[in-house]
Structure formats: C-alpha cells, structure tokens
Amino acid sequence: MFSLVGAVTASLATTWLLSSQLLPITGVLPVLLVAYVLFLVYYALLLSFTEPAMIVKDAVATAVIQTFALVVVGTLLFIVGFTIIRGAEALRFPNFFVQDMSLAGPLDPLSQGGILHAIVGSLIQITIALAITIPLGILTALYMNEMPGRFASFVRTVVEAMSALPSIVAGLFIYATVILILGLEKSGLAAAFAISVMMLPIMIRSSDVVIRMVPATLKEGAIGLGSGQWRTVWHVILPTARSGLTTAIILATARGIGETSPVLLTSGFTAALNLNPTSGPMISLPLAVFQFVKSPEPTMIARGFGAAAVLMVLVLVLFAVARWLGGRTIEKRERARLARIRRRQWWAAVLAPFGRLLAPVGRRLAAAGRAVGATFRRAEPPRRDSLILRGVDIVRVALVRLSRTLREWVRRTWVDASSRASEPDAPPAPAVATDAPRPEGDKS
Amino acid sequence: MTAAPGNVELADDRPIALTVHRARPDRIFRRLAFAGGVSVLAIMLLVGIFLAIRASDALSVAGWSFFTEQAWEPDTGRFGIVAIIVGTILIALVAIIVAVPLASACALYITQFAPQRIRGTLISLVDLMAAIPSIVFGLWGFFWLQGEVVPVAKWISQNLGFIPIFAVRGADPNDPLAPTTVFTSSTFIAGLVVAMMVTPIITSIMREVFDQAPIGEREGALALGATRWSMITSVILPFGRAGMIGGSMLGLGRALGETIAVYIIISPVFEIQPRILENGAMSVSSLIALRYGEATQFGMSALMAAGLSLFLMTLAVNFAASFIVARSRSGASS
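The listed protein sequences derive, respectively, from chains A and B.
Quick note on numbering: the first sequence equals residues 1 to 444 in the UniProt record's numbering.
Quick note on numbering: the second sequence equals residues 1 to 334 in the UniProt record's numbering.
Check the hints yourself; a few may be wrong.
[Claimed, not checked] With beta-carbon atoms standing in for the labels, derived distance ranges:
no., chain 1, residue 1, chain 2, residue 2, range
1, B, E271, A, T67, 50 to 60 angstroms
2, A, P135, B, I49, 19 to 29 angstroms
3, A, I181, B, S267, 31 to 41 angstroms
4, B, V38, A, T67, 43 to 53 angstroms
5, B, I53, A, S295, 33 to 43 angstroms
6, A, V41, B, T296, 53 to 63 angstroms
7, B, I28, A, S111, 54 to 64 angstroms
8, A, G221, B, V38, 55 to 65 angstroms
9, B, I53, A, V41, 54 to 64 angstroms
10, B, R327, A, P239, 33 to 43 angstroms
Please keep in mind that the hints were generated in silico from the structure rather than gathered at the bench.
Built from N, CA and C at the ideal position, the CB exists for glycine as well.
Using the sequences and the hints, build the whole thing.
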C-alpha cells in the first residue's frame, strides 16, 4: 500500500519535472503515458526492497491489468460522453427533432432545420429490415435445431461465414442485384435489404443459441404427450425461448440501426423528409451524421454530433431493454415469484388480526354474493328474441361473474389469511412448500 | 398364452420399414423451415456469385496486374489491389496489436479481479460498447483522438524513426515549428480508432473463454501457494490460448471490414505506404465508400472486384478463427 502511494507520488513528481522542465512533452496523452510507465518502474522498485520477485511480478501485473481494464472502460465511456456533450449544442433546439433539412442551408444557425427526416428514415428502414429478418432468422434457427443433418450443419457453417461479411460488401451486393439488375432506384427499400443482409447472420446465430438452450425434457414432455413437431415448436419451444429471442431481435436491431456503409451505397442522400420507402432517396441517422460532418461548417458539424447522440441514445435504450429482458432468466423469474409469495404471506400474517375481526363481515358478504348469484341463476332462461331480455341476460351473467369474483377475493384475502394465521398446524400452502421440508407422504 | 395370438404371421421375419406419419401442420412447418434455411443459404451464395460476376469485367481487363498494380484508375485500365490490401492489413494489424492486450487485460480483470458486485455491470458495459455505431467511433477519432495522438506519433518517429515503418517523410525533428499535418490522417490513428471498436468484441469472447477455466485447477494452483498472476499464467492463459487467438482473429475480421471510421480519418493514397505514422492510408472498404459515387460502370466493376477480395479475405480469417476456437479445449463444449 505504501509502495503504491510512494510510486504514484514519485511518478507524478518526475513527470512534472520532465514535462515542464527537461523535455518538450505536451498534450494529455503523452504526459499520461510517461507518468504511467514511470509509475510501473517505481512501483516495482519500491516493492522489490521488501518482497520476493514473485510478489513483485504479481503486483505489477495486477496493476497493469487493472489500468488496462480501466483504460478500456474509461475510453468507451469517454466516447459516449464526448458524443453526447458535443451533440448537446444541437439537441437544445427543439426544432432539431421536428424539422428536416430541406429548408435549411449549411450556413443557417441551429435554430433552423433538424433531423426528422433521418429519424423517420431510420425507423422505416429498420422496420422493413426487421420484417424480413425476424421470420427468416427464427425459421432458419428452428430449421437448424429441429431438423439436424448434414444440410443443416452446412447452413450453420454458411451462416457463420456470413457474419464475416464486411458491411460495405452487403451494400455492394444489394447495389449489384437490386439496383443494377432489378432496376430499383436508390431507396429506403434497397437500404432495408442491405441492412437485412447484414442483420440476418446476427439474428440467426443468437436465436440458434437461445433455441438450443430450451431444455430437452420440455420438448420430450410435449412429444410424449402426443403433440406434433409444429405444436411442440409453437407451444413449447418458442414460448420458452421468448425472452432470449426478444434479446436477439433487439441486439440485431441495435447493430442494424447503426450501420452506415451498407446504407451509403443503397439509399441515396436527401435533405427532405421522404415517407415512401419504394421511391426516392431516404436518409437514415448514421448516414445523416456522415453527411453532416463532411461539411466544414461548424453548425453542420454540431448537427452531425447531435444526430450521432440521438442515434447512440436510441441504441443504448434498445440495448438496455435487451439486457433487462435477457437478464430475466427462468431462475430469476422463479425467484421473483417466490419473493412475491413470501411478501403476500407476510402481509397476510400482519393483517390476520384484522382479518379475524373482518371475517364475519367477509363471510356475510360472501353469503350475500352467493345469494345474489343464486337468485339470478334460478331465474327463467330469457327469451333470445327480445333485445331487452338479452340485455338482462348480459347483466345477469356479469352479476354472477362479479359475485363469484368477489366471493373468491374475499375468501382468498380475508378468510384464508385469518384461518391460516389462527391455525398454525395447518399444512403449508403448496407455494410455501418449495422451501419447507416435504411432508412424509411425498417420499413414497 | 402364446406371444402372437390371432393370425399375425411371424414366419416371414423381415424387418419392417419405419414410416413416420406427420400431420399436415408438421409437414407445412418442416417445409417452411427448410425453405428458410435454403433461402438464407441462397442469399449467402448469391453474394459471392454476384460479386464475382460483376467483378469479372474488371478482372478480365486487368488480368494478373490486378494483384501487382498500385494505382486505382479503372478508366485508364491501370488499377490494382495491392496497395489497398496492404493498407487494409496495416490498419487491421495496428488495431489488433493495440486491442489484444487491452482486451485480454479487460477480460482478465472481469473474470479474475473484479469484485462480484461490479462484474455484471462491467460485462454489460463492455457488451454495450460492441453495439455502439461505428460512425460514433469515427467522430471521436477525427475530432478528439487525432489531435491528442500527434505528439505521441511525433515522439515515436523522432526516436524510433530509424525503423522503416515508423519513419515519416517531411518531418523535421530539429524544427519545433515544423508542420504537424504530416502526422494526421495516418494508418496509426485509423488503427487506434478501429482498435477501440474491436476491443469490446474481443473482450467478450475472451471473457467467456476465461470463465470456463476449470475452477479446480485454479484453486489448486492458488492452494499450492501461487500468486494470482502465476495462477493466471499457468492455468488461465494456457487454457484459454486458443480462445484468445480465435477471438483476436474474429476481431481482425471486423477490423479488416471496417468502413466508416476509417473513411472519416484517413486521407487516401494509392501506393504501398508502409510508414504507419505518416499522413495517408487506404483500405478496401473506404475505397469503395470513396469511389462508388463517381464510378462509371467499369469503375463499379473494379470496385466489385475489390469488394470480392475483401470478402474472401475476411472469410478466410473468420473460418480460421472458428476452426481454432472449435479445436481448442475451451471451445470444445460450445
């Protein structure tokens, strides 16, 4: 500990001496680099006075690993912060979100023009791309899992290779096929195709992993109960994998929405809002950033940073949602359910004394409900041809349902709680049994 | 009671073909899923085929000089890939050389050093960074990193300039007022930005590999009195070596194909330019982004040829990476 403090002090002092007195070192990065190297040397030296070589090595390696990790995380956070701070200048103007650039020139101040066209374009393109990618991706992942064989593993290999596809090559491919051969003009649709080609392998690989993680026992159970392959997939596999699949979709969306290069070749530039993906150029957020920062005007660059900040916030939100969904594994959900039950029991125990007081009221209410229900149930079956009678019929059914719900609620909340609290010997409810010892009878 | 009552013939003891009767929904589903698989396959093969067809015009004109010519002037017939490929590889190499130590340290920190409380946060933070759009990295590199790196590059070129790749033409170490523009827009800066982009990807692969290291061996090493660092060098790193190589190669694949960040930073040159600190660099993808707008039909075909070679290169790298990961001890289970 003392050597650490000593090394830090010594390196800072030496760096100051070097940078301000002896050597012409300027700039943040060079000074930091020099200070860091000096710190490592001093640290090793100071430790070696008292410790064996092995511990010195361990301490220096630990320091290096920790600083490198700090550098990575710090730089990444810095990149995010840098973009948002530089973008704040443009984000302050509300017109930035509701206008397009068709009436604003490069020399106009930031109070003119905005990126509405790019936001809308991004959303339209990603929607089309998702409409292609989600069904195709999940279907292919299902194919690889449900019909394994030589061809399926070939498909898997090819998908793996496809994720190596440089994004600009995806754009080039769509340019060569859709625009040059099919004769479509540069448009949002072509851009969406290019993004789909980019997103497909990501989508397939992550849904493949998720579907593979569905427990085999569940599948076997479904098949053992006599359901066909399709029913197993639809009612067992897909629901079980749902949260994972959602995560896969969102991750692919985050990647797809931020891609510039495939869009660059296929969508064309425009400064105006274009809602039609099939004709005319349609710009997206990354492309707008690209276009803005190519200009030498400071306001255009500020707009570029603003658009980049919007894009990044969009991606971060998508990612946070994905994390939240993906984090909800079955175990966690189960734990949350148990916690909920325990909370309810605690409240029941607390409320039990009141419940005992209220139980007669509840019982009377329940009886009243029963009576109401019974009265109506005993009534004559209504004649269907009369509108009024049909109305009465509907009201009757509603009342019966209401009384039944009320009865159920009263029983569950008050009567049960009070009886459970007043009879400590009663067997625990099934939900409680998960962490209580099992009754003897279960062992047979 | 005999085993075969009634009139079932047992004498003719031949195996019966097992037929599976599938209900109609199952048949439809199987056909649909098969169609999905086939269409994905088709898209993939079409990418290669179409690029090859489109590129064939340019390739037949250029012939073998496509692989030796440095200039890129398709309309005069003088164009070749060698300078651009060298530029691409240099940028990717700088990126990997910077990214791999950073990513290994980060992965080691997350798996071995970080307190349990912040582990989850760190993991999602790093994974999140893998989703940040490349244009954001490009902006950061152009508007911030470039200015900060120039003194470092200057220092390296002054003190290590005798090594050819660190030499810079037009820089005068004895003149403190010499223009610094020779140090901007270089391979080095582009490589640093790409390094920051691929670090999260490499980190997350390495983290998964290190996490699978057998806990018994780790605890055994510690119980025998090893320090944490010697435990890492004797257990974790040997166990994860193949995964580390594979992860780095996947990062290399990404670095080779990176377009926008590189495009924003470099100033294009069309010659083999191995001096990584000097202004001027080139990569295949930024060449395509740069020239597609003004390209004639033949120029487009030449760009397709460049794209095809980039595609084949990344494909080779990726296959090698997945091969290494699959063959390794840590990758065998995944």
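Here is what the structure says about each hint:
| no. | hint | result |
| --- | --- | --- |
| 1 | B/E271 to A/T67: 50 to 60 angstroms | 39 angstroms, violated |
| 2 | A/P135 to B/I49: 19 to 29 angstroms | 24 angstroms, holds |
| 3 | A/I181 to B/S267: 31 to 41 angstroms | 34 angstroms, holds |
| 4 | B/V38 to A/T67: 43 to 53 angstroms | 51 angstroms, holds |
| 5 | B/I53 to A/S295: 33 to 43 angstroms | 37 angstroms, holds |
| 6 | A/V41 to B/T296: 53 to 63 angstroms | 59 angstroms, holds |
| 7 | B/I28 to A/S111: 54 to 64 angstroms | 58 angstroms, holds |
| 8 | A/G221 to B/V38: 55 to 65 angstroms | 31 angstroms, violated |
| 9 | B/I53 to A/V41: 54 to 64 angstroms | 60 angstroms, holds |
| 10 | B/R327 to A/P239: 33 to 43 angstroms | 36 angstroms, holds |
Checked against the numbered hints above, the structure breaks hints 1 and 8 and satisfies the rest.
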